[in-house]
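Based on the hints, put chain B in the right spot on chain A.
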Amino acid sequence: MRRVLVTHVESPVGRRVVKALFHDPDVSLVVGLGTRPEPTFLAPYRGKIAYQRIDLAKSRHLQSFLHSERFARVRPDSVIHLPFAVEHSQERVPGGVPSLVSETRRLVEESVEQRCIERFVYLSSAFVYDPVPGNGNVVSESQGLGFDGDGDALVRAWIDADLVCQGELHGSNLRMTILRAATIVTETGEFLNSPPLSHPEAPLGYDPMLAVVSDRDVARALVLALHADRPGVYNIAGREVFPRSQLGAPPPSSLFGVGAAWLERLVRRAPAPGRSFDRYGMVPSGRLAHETLGFEPQYRIEVRGLGALRRIDTVRCR
Amino acid sequence: MSRDELPSPGPSLGSDPFGQGDGTLPYLIRLRERNMRVVAKPVSRRARSEPREQPQEPPDLGPPVPELPSFDDRDESASALDRLAGLALSSSDEERLAQLVQSIGGRPYDEFGLSPRVTRRALAFFKLLYRYWFRVTSSGHSVIPEKEGAILAANHGGLLPFDASMIIVDGVLAPKPPRMVRTVVDRWAGTLPFVNVFYARVGQVMGSRDNVRELLRANQLVLIFPEGMAGVRKRAAERYVLQPFHLGFVEESLRHRVPIIPVAVVGADDQAPVLWDVQPLAKLLGLPFFPITPTFPLLGLAGLVPYPVRYEIAYGEPFRFYDEFPPEALEDPHAVRYMAERVRRRIQEMVDQRVLARRSKRA
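Protein chains in written order, with our numbering: chain A, 246 to 563; chain B, -9 to 353.
Extracted from the complex, chain A is given alone in its bound form:
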């Protein structure tokens, strides 16, 4: 029976994970960590799930928790860390993006120190990969990471945190599993984990393909990784792939539109476009996760309409 520590439970994926673990007969206790007051959605699950308000970015908070009576009683043997399953906006990350890297590093180090913790499942992003030129490219786990630095701050933070966790893949007593998820779609149609969708306009002549995956499937993959005991790196992707224009704002359809977009950008002094993610598509191959973890997406993402009339539905596969 596992005793699991789940970070960032207030995030959309965190909610799904907590609910999945609650119904998991092999999990006896879940302690959810979050920075906000206890979320109301946890109320029906109190019999098995406890909540602890803690800011992992602050070393003092983490130390106090690890040396508390509560932690001694819980003695978790597994950690599910979800630092980046938030909306793709730096403003929404309290403390800034670098704090997410430092909290990941701190949590990994403390997990190694705490002998009771055996497994560590970390949710990363597929956008850590180095994009290959082209509209749609399948990338496997062996693809190199994008170190060229043309990504934004959040992508660089993903890469840094991914490297921190990769450092524990071999050699320590911690059994580390890294899941690199494609663009996550929540039940309400929001996108998480997706830098290309953070910019409202794309360079003219490019419309990269993006893989999407339901947040329920991501939660399922995390639980599978928790139980599978197969350390390594796995891509998590759903069945569907869509061009960026269908998920985000449509690309400029005329040169006037391009000019207006540039003018707006100059006025706002936003960085110029040209990130590889805005031009080149990347579809993570979920083959390894399927073969090793037994992960098979159970939800389809349906996108209808364009622009303001766009509607995104998550439909369970038959």
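Some clues are possibly wrong.
[Unchecked claim] Now the in silico label distances, taken between C-beta atoms and shown as ranges:
hint : chain 1 : residue 1 : chain 2 : residue 2 : range
1    : A       : G450      : B       : L265      : 26 to 34 Å
2    : B       : R97       : A       : G450      : 21 to 29 Å
3    : B       : R97       : A       : T537      : 18 to 26 Å
Just so you know, the hints here were simulated from the structure itself, not pulled from any lab data.
Since we're looking at a predicted model, the values are computed, not measured.
We put the beta carbon where it would ideally sit given N, CA and C, even for glycine.
Below, chain B without anything else, positioned relative to chain A:
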């Protein structure tokens, strides 16, 4: 309020290390929650799992109201291009195309960006080129597997890749059953605006090992030009002389145990003979080569239109190196080079036969 109505206190985990000193706040929170709980009584897990009501037959309300146009009108309605494509494609072509796009499994796009709708439009246009501009004749379709994956290795020529498009159209129209040929294109093409999107929508993929592996695992036909860019920029004097081959296609064939089918294309080298490759200008413009042809750049972009030469496509007997060589041969560069050379020579023979026959016919 009885004790049974109170919410579950949760697991006993000791004191909260971040609890308030006077304990007032947690008490107030608990009090508020208990009050809220009284209004909304907690439902036991067993009660929640049981269906509240038995499913009933829907009442008879008469015939359903016709559905109003959905949000997806722009995608579902046939545009002018779709209607034009319908004029160019026969019913049998449509059936063949429908068979091909079944492999996507009803999805609007596959992993590489293939769109059945754009493919249909493109097929209508390139079918006209296939029939009336290049007047393609093809032979040897029996070697193309019906379902299994294979690598088609072809010679490359011409300024623009019409040889690839003619092989793709031939794959749709000629063999039984039809096969979708997925061409591996140079990465440089993937950086070009509009071109990269069009290539992906009609099923072409960029040249990366992951892409090729994924296609072969999915039992697709993968068309590779092992000469690479050297085949396109060779001068008119070197027409139909195959350039040295890259070796990746042999490695993938051995790794995935798929046959290599040699494909000879005659006509592509005549469609736009390159007189000179101005490399300094190419470097200045960031292009892999800058060709001078009899019509380009003299006539501007119109000079890129290919000459209406006759095309001939021939499929040869497949090479199954994985049966001839042990798996360790994959690690031996000399063995791989030898296999690639055998394929190159075979394609050269096929091309030479057809070029000679064509010349003697003219004579």
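Evaluated hints:
1. A:G450 x B:L265: 26 to 34 Å: holds, 30 Å
2. B:R97 x A:G450: 21 to 29 Å: holds, 24 Å
3. B:R97 x A:T537: 18 to 26 Å: holds, 24 Å
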